[in-house]
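Undergrad: Using the hints provided, position chain B relative to the given structure of chain A.
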Amino acid sequence: MNLPAVRAIYLFEMSRTFRTLLQSVVSPVISTSLYFVVFGAAIGSRMTAIDGVDYGAFIVPGLMMLTLLTQSIANASFGIYFPQFTGTIYEILSAPISVVEIVLGYVGAAATKSFVLGLIILLTAAFFVDLRIEHPLVMALFLVLTCVTFSMFGFLIGIWADNFEKLQLVPLLIVTPLAFLGGSFYSIDMLPPLWRTVTLFNPVVYLISGFRWSFYGTSDVDIWVSLGATVGFMFVCAFAIWWIFKTGWRLKP
Amino acid sequence: MPPVISIAGLSKTYGTGFAALKNVDLEIRKGEILALLGPNGAGKTTLISIVCGLVRPSAGTVTVDGHDIISAFRATRALIGLVPQELTTDAFETVWATVKLSRGLFGKRRDDGFLEKLLKVLSLWDKKDTRMMHLSGGMKRRVMIAKALSHEPEILFLDEPTAGVDVELRQDMWALVRGLRERGVTIILTTHYIEEAEEMADRIGVINKGELILVQDKAELMASLGKKQLTLLLAEPLAAVPEALSRHKLDLTEDGLSLVYTYETHGERTGITSLLQDVNAASVRFRDLVTDNSSLEEIFVSLVTERA
Numbered sequence: 001m002n003l004p005a006v007r008a009i010y011l012f013e014m015s016r017t018f019r020t021l022l023q024s025v026v027s028p029v030i031s032t033s034l035y036f037v038v039f040g041a042a043i044g045s046r047m048t049a050i051d052g053v054d055y056g057a058f059i060v061p062g063l064m065m066l067t068l069l070t071q072s073i074a075n076a077s078f079g080i081y082f083p084q085f086t087g088t089i090y091e092i093l094s095a096p097i098s099v100v101e102i103v104l105g106y107v108g109a110a111a112t113k114s115f116v117l118g119l120i121i122l123l124t125a126a127f128f129v130d131l132r133i134e135h136p137l138v139m140a141l142f143l144v145l146t147c148v149t150f151s152m153f154g155f156l157i158g159i160w161a162d163n164f165e166k167l168q169l170v171p172l173l174i175v176t177p178l179a180f181l182g183g184s185f186y187s188i189d190m191l192p193p194l195w196r197t198v199t200l201f202n203p204v205v206y207l208i209s210g211f212r213w214s215f216y217g218t219s220d221v222d223i224w225v226s227l228g229a230t231v232g233f234m235f236v237c238a239f240a241i242w243w244i245f246k247t248g249w250r251l252k253p
Numbered sequence: 001m002p003p004v005i006s007i008a009g010l011s012k013t014y015g016t017g018f019a020a021l022k023n024v025d026l027e028i029r030k031g032e033i034l035a036l037l038g039p040n041g042a043g044k045t046t047l048i049s050i051v052c053g054l055v056r057p058s059a060g061t062v063t064v065d066g067h068d069i070i071s072a073f074r075a076t077r078a079l080i081g082l083v084p085q086e087l088t089t090d091a092f093e094t095v096w097a098t099v100k101l102s103r104g105l106f107g108k109r110r111d112d113g114f115l116e117k118l119l120k121v122l123s124l125w126d127k128k129d130t131r132m133m134h135l136s137g138g139m140k141r142r143v144m145i146a147k148a149l150s151h152e153p154e155i156l157f158l159d160e161p162t163a164g165v166d167v168e169l170r171q172d173m174w175a176l177v178r179g180l181r182e183r184g185v186t187i188i189l190t191t192h193y194i195e196e197a198e199e200m201a202d203r204i205g206v207i208n209k210g211e212l213i214l215v216q217d218k219a220e221l222m223a224s225l226g227k228k229q230l231t232l233l234l235a236e237p238l239a240a241v242p243e244a245l246s247r248h249k250l251d252l253t254e255d256g257l258s259l260v261y262t263y264e265t266h267g268e269r270t271g272i273t274s275l276l277q278d279v280n281a282a283s284v285r286f287r288d289l290v291t292d293n294s295s296l297e298e299i300f301v302s303l304v305t306e307r308a
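So the sequence lines, in the order shown, correspond to chains A and B. Under this note's numbering, the first residue of the first sequence is numbered 1, with each subsequent residue one higher. Under this note's numbering, the first residue of the second sequence is numbered 1, with each subsequent residue one higher.
Worth double-checking, as some hints may not be accurate.
With the C-beta cut set under 10 Å, the calculated list includes, among others, these residues of chain A facing chain B [claimed, not checked]:
1) A8
2) R19
3) F82
4) I89
5) E91
6) P253
In silico BS3-like links for lysine-lysine, alpha-carbon gap of 25 Å or less [to be verified]:
7) K128/B with K140/B
8) K127/B with K108/B
9) K209/B with K252/A
10) K252/A with K22/B
The following residues of chain A were derived to be distant from chain B, with all beta-carbon distances above 10 Å [to be verified]:
11) L11
12) I30
13) V38
14) Y90
15) E134
16) R196
17) P203
Since the hints were made in silico from the structure, they are not lab data. For each residue, glycine too, the CB sits at the ideal point set by N, CA and C.
This is chain A alone, in the form it adopts within the complex (with noise of 0.2 Å):
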């Protein structure tokens, strides 16, 4: 195992964000702040609870979820898009690197910002709702699964993505609406049958149940099956990353 190469690459990543703190920490809290004041303080006062739970400390676990998704599918495919746009990934396919190296550095720096990123939201939530968690070890456990899950997919759009355009294009056109649809401002036991069925092809739907499970100790769909989705999902994506390295696809012709 070639450790100084994860460690440099990794500390080089994880330079990146304190260089851009602004873009990479405070945005993402100040958007999620906007959503609790909105939709926690203001609509959610107006709310009736939801199994029980208020709206605001309800729809906590799925704002976690957005932020998280999201966050962890930009920094990692930035991390390893921008070396392909400017060329400096010769280095890193020209070092005495594995695949499994590379991934620990790129997925990790960019997991680590964004299991970071979690715990300020999940305390900038306490500052607005009551919040209470169940199943601590479980929500931990779901927070590292979903910042590792999404960070190698986010990996994966980087490697695919030819232009910045792509690059947007997957988040913003596909991930996005899927998390919002997901049942992150509600639990869809609310939607009528035809659209909970429906519902239930989105796989964001098992993240955010468990997730919310691991909170209140009530979820839409049992917590093994959303477990097992999100390692399922995870297991999908190293399978791909690895393919594309024995292959080169995109990376060497």
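TA: Quick look at chain B alone, frame taken from chain A:
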């Protein structure tokens, strides 16, 4: 001395169907400077890229220090430093950060003292905290070299290292390359500047249309393929080459003041003696004579056009 790099039957055909390399065999000796010459698109960069792991070969094998570049990529890549042709840099990073990253990528432990020394040698130390985007082209080129040397490689690939750099930097780079060679580093450079190859290389390889036309010691190449010219500077101008000298294949310059005789350096008889006797017999008076070696550039052009 066993070769440090062995290339056998190496071919590369890109997805577009373009055959960039065709069955190339090449052995590179430890500690030598090999210059690869060839016109644009000849396959020089593809060859380097395959050895460094940036391009996948279509056929053939490459070993570095006895290790296969694919099955034992860690062992081979750790030995190699690469200065690519393009000035690809992390615009927002500092010189120090980017050089430190390079050392780490190649598995070397942090050694700030070594990096400081390296940056000082390359006249980059006072720029260490400068962001790459604020450096001039020449300075960026120096950083690229610093990155390639940051992990103390035993083999260094320089792909057009002095393209677009000023004379001072070029001289600095030549001095650096000589210093590396003295420390036993094997250097492979591609260049468009024939004078660079002539000045630096121990051996010359010529690639054209994906084929390695020849690899030879520079001195031998110059001797075996080189031509010499004897120029007689005439005391009075001539209108044409005198009939008595026609058997010597002489060229008369436009001003009629010089007779140019071209001969092979490796030939047993140069024909100079009989030429001078005939000149004397024809009463052609000359005030001086000069001889001139053909340059590597002329050899290169003749090799490439011969096979075109």
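Undergrad: Does the interface hint hold: is I89/A within less than 10 Å of chain B, judged Cβ to Cβ?
TA: 8 Å, holds
Undergrad: Is the Cα-Cα distance between K252/A and K22/B 25 Å or less?
TA: Distance of about 19 Å is within 25 Å: holds.
Undergrad: Given P253/A as an interface hint, is its Cβ closer than 10 Å to any Cβ of chain B?
TA: At about 5 Å, which falls below the 10 Å cut-off, the nearest Cβ of chain B leaves the hint on P253/A intact, so it holds.
Undergrad: Would you check whether E91/A satisfies its interface hint, that is, whether its CB is within less than 10 Å of any CB in chain B?
TA: 6 Å, holds
Undergrad: Are all beta-carbon distances from V38/A to chain B longer than 10 Å?
TA: 35 Å, holds
Undergrad: Are the Cα atoms of K128/B and K140/B separated by 25 Å or less?
TA: Since the Cα atoms of K128/B and K140/B sit roughly 12 Å apart, the hinted pair holds (cutoff 25 Å).
Undergrad: Would I30/A pass as off the interface with chain B, using Cβ distances and a cut of 10 Å?
TA: 23 Å, holds
Undergrad: Going by Cβ atoms, does L11/A stay more than 10 Å from chain B at every point?
TA: 8 Å, violated
Undergrad: The output says R196/A does not contact chain B. Does that hold with a beta carbon cutoff of 10 Å?
TA: 46 Å, holds
Undergrad: Take a quick look at E134/A and tell me if its Cβ sits farther than 10 Å from every Cβ on chain B, holds or violated.
TA: 43 Å, holds
Undergrad: Is K209/B close enough to K252/A, meaning Cα to Cα at most 25 Å?
TA: 21 Å, holds
Undergrad: Can we keep the A8/A interface hint, with Cβ of chain B closer than 10 Å?
TA: 2 Å, holds
Consistency note: the structure conflicts with the earlier hints numbered 11, 14.
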